[in-house]
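There are 2 protein chains.
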Amino acid sequence: MGDVTKREGISVGLIGLGVVGSGVARILLEKADVIARQVGATLTLRRAADLDEAKGHSSLIPPHVFTTNARTLLEDPEIDIVVELIGGEAPAEGFIREAIARGKYVVTANKEVLAKHGPELLALADEHRVGLFYEASVGGGIPVIAPLKRNLQVNTISAIHAIINGTTNYILTKMEKDGLEFSTALKEAQDLGYAEADPTSDVEGYDAAYKLAILATLAFRVDVRAKDVYHEGISRLAYQDFRYAKELGYAIKLLAIATQEGDSVQVRVHPTFVREDLLLAKVDGVFNAIQVDGDLTGPVIFYGRGAGSLPTASAIIGDIIQAAQSIQLGLPPGPQPKLDTSRKVTPMSDLRTRYYMRMTIADSSGVLAQFAKVLADHSISISSAIQTEVDQSANTAEIVVMTHPAQEAAVQSSLEEMRSLEVIKEIGNVVRVEDWGAE
Amino acid sequence: MGDVTKREGISVGLIGLGVVGSGVARILLEKADVIARQVGATLTLRRAADLDEAKGHSSLIPPHVFTTNARTLLEDPEIDIVVELIGGEAPAEGFIREAIARGKYVVTANKEVLAKHGPELLALADEHRVGLFYEASVGGGIPVIAPLKRNLQVNTISAIHAIINGTTNYILTKMEKDGLEFSTALKEAQDLGYAEADPTSDVEGYDAAYKLAILATLAFRVDVRAKDVYHEGISRLAYQDFRYAKELGYAIKLLAIATQEGDSVQVRVHPTFVREDLLLAKVDGVFNAIQVDGDLTGPVIFYGRGAGSLPTASAIIGDIIQAAQSIQLGLPPGPQPKLDTSRKVTPMSDLRTRYYMRMTIADSSGVLAQFAKVLADHSISISSAIQTEVDQSANTAEIVVMTHPAQEAAVQSSLEEMRSLEVIKEIGNVVRVEDWGAE
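Chains as they are written, first to last, in my numbering: chain A, 1318 to 1756; chain B, 1318 to 1756.
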């Protein structure tokens, strides 16, 4: 502040030289002219750190820039902007915290750190009058954080419905279109590099839950953390579920849903029946889409590649340019909006929605009535039912019902009761249904 | 600059109290708290001007705020931000120019002024160190100008494919889904308030052309003006065209297309066959969608309500907040990126694309060969042909062909030649086909 001397150039330090980090380093070099024009100063990659010594022998990162020790970079007073791309909670969070405390701007793609420690880190950045930018943490190359922060800021946002994990969307698309089983589709995703060797974080919804916590905090100005987000993965889905969904007019997507109504805030990630005429039902493969419902705008959807080296690097570089402009002008970004701590996340058991249920029942008279009675006893009413596929040899039948809106707690206890009924052979699957309109 | 005294409040002047203007005034009042928190200062609507005296008798605009004379507002030194919402070229352009020259920030939704005078007005704003914001000029409440400017700025953008006129998209959707003729669908749109009494600007593609000029200038950093944009309306489309399109696997949309390849920049608005598996083909009713293809991000799509009082007001208020933050911090926005004047818009005749052609021909032997020869003589090759609907009484048949990529100039001269052939009774329609992939 008050420093009117234009700087000669701005120095960047990069922690993590994986696919995204290397992409960022390459673009900083190859598009140096474009970037310099936009910032009004040259950006130099002064230091790049990676634990893997071999990363120091590439043409991209000269030996004098490379270090295996991230501290070298944090302690370098010449570095203005630290770009953290190692992912995971520790040591990334400590690096970010220290960089901020040393007065450096930070750009990160780290959804886990943001979802667990975002509000503290943003407050720390305010205190040190630097910026903490995280556009790349959600939706890869799709601009969504900045539009939420800036353009939609006067809207009261009632809901976010998002496909924010490309890996699971790829798997679900394969299951739906090619009739693959989950394990086969997962294997294919792994072979193509869309899924990790250990796919837990994607497949069980952790990744989407982190991203949803970030979006909900921003959209509702409520403190939503990773641990507040209910999440359920896609591994229980079977081919029949897609067949029935289609018959009923739905696609199945792993949706991240955040809603607010009065004091109630709900955040959840789970497989969801999405009406097939909605645009989100048509988002296939590794693509992401984030629908934001504002009171003024109505539904707005942001769509694109949610992952990958170049799309993510695009978001990172966009943030680096904004950080650099802010430094170049000698002006820290304005303070973060205060979070409303009076509103809390509502427990999942309070959810009211519709449900799809697929059961294997004994094929004898009175069983359907028994099943219906359990639902009725829990105030769950059936909107439609399909009974199909009698298995003569096992003497069982498969039944599918769609319910009217019911309470999650009631549904869970009805399922508990069904497990104890001998005539209900197997609870095939239960999937929540969203009938919100996009148009 | 250098003025560190925090201001007491920021004063807004509003020109034009139509539906959008009234919406803006209402939101400034009703959401004053939210806005003040984000700006760090109170925003006051100090003056509102409208030629219609009756607008001064609403509870929204107190008498001491209302004026029928926009000059009162321009000449008021206390007003920091002028919001221009009268639309049209004159006198709006003069008001904007004068407001800037008097050191005021300007927020506008005026696509015509931007598409005709944007570069000069932005340069004037740079010179006077104020901001000229125009998010609402394209896509209503959908954030697209700011993301293009900020988040996607490091991308080299190869193409924009956009549905940016809700009126025509509504009409086309009605023609496609309900089998209405153009005139009936237009009438329905007018009854619903989606189309003006004089629908020329929407229906003939002027509105979309203005918006495309704005987007192309921003995306390509080339000086593209309204007059550079080829545009063709939707009034020639007939019900059969939708039927054939469906049969061939396409939807028909009024697309605004901007492409750059090397030194060639193409900008055009016309009815287009869009492959039905692409998301843009699924954008129905009054909704808009803008697809931007970046070298790093790949395709990114922004979707939402492209018009209407509240969505447009949302974009306007978003811009007002940014203007106010900039004023509050005593810091003008950075200069606009320089436009590359070496690249010019390529003439439409240079376009290479595929074409759909529907003709009524004499139903006698040799006619198809004659038709095919005309195309072949112009190096246009046919990829598929459908001959249907022989009209026994008139002794004519309808033929539909899809061509391989061909030159626009060649297609136009082949049509010229066909008009002189007696066996070709009528050139039903010719529609360009886009086979670009979104995924």
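Quick caveat, the hints were computed from the structure, so don't treat them as lab data.
Don't take each hint at face value.
Same chains, same label: a pair holds when it works inside one copy or across any pair of copies.
To be verified - Listed next, the in silico DSS-like pairs over lysine-lysine satisfying Cα-Cα at most 25 Å (straight line): (1) Lys1433 <-> Lys1563; (2) Lys1504 <-> Lys1655; (3) Lys1661 <-> Lys1348; (4) Lys1661 <-> Lys1433; (5) Lys1655 <-> Lys1348; (6) Lys1491 <-> Lys1599; (7) Lys1433 <-> Lys1599; (8) Lys1599 <-> Lys1661; (9) Lys1494 <-> Lys1348; (10) Lys1348 <-> Lys1742; (11) Lys1494 <-> Lys1504; (12) Lys1491 <-> Lys1661; (13) Lys1742 <-> Lys1661; (14) Lys1466 <-> Lys1494; (15) Lys1661 <-> Lys1466; (16) Lys1599 <-> Lys1494; (17) Lys1491 <-> Lys1433.
In this text, all values refer to a predicted model and were calculated from it rather than measured experimentally.
Quick one: which hint numbers does this structure break? Sort them smallest to largest. Violated hints (numbers, rising): 1, 2, 7, 8, 9, 10, 12, 13, 14, 17; every other hint is consistent with the structure.
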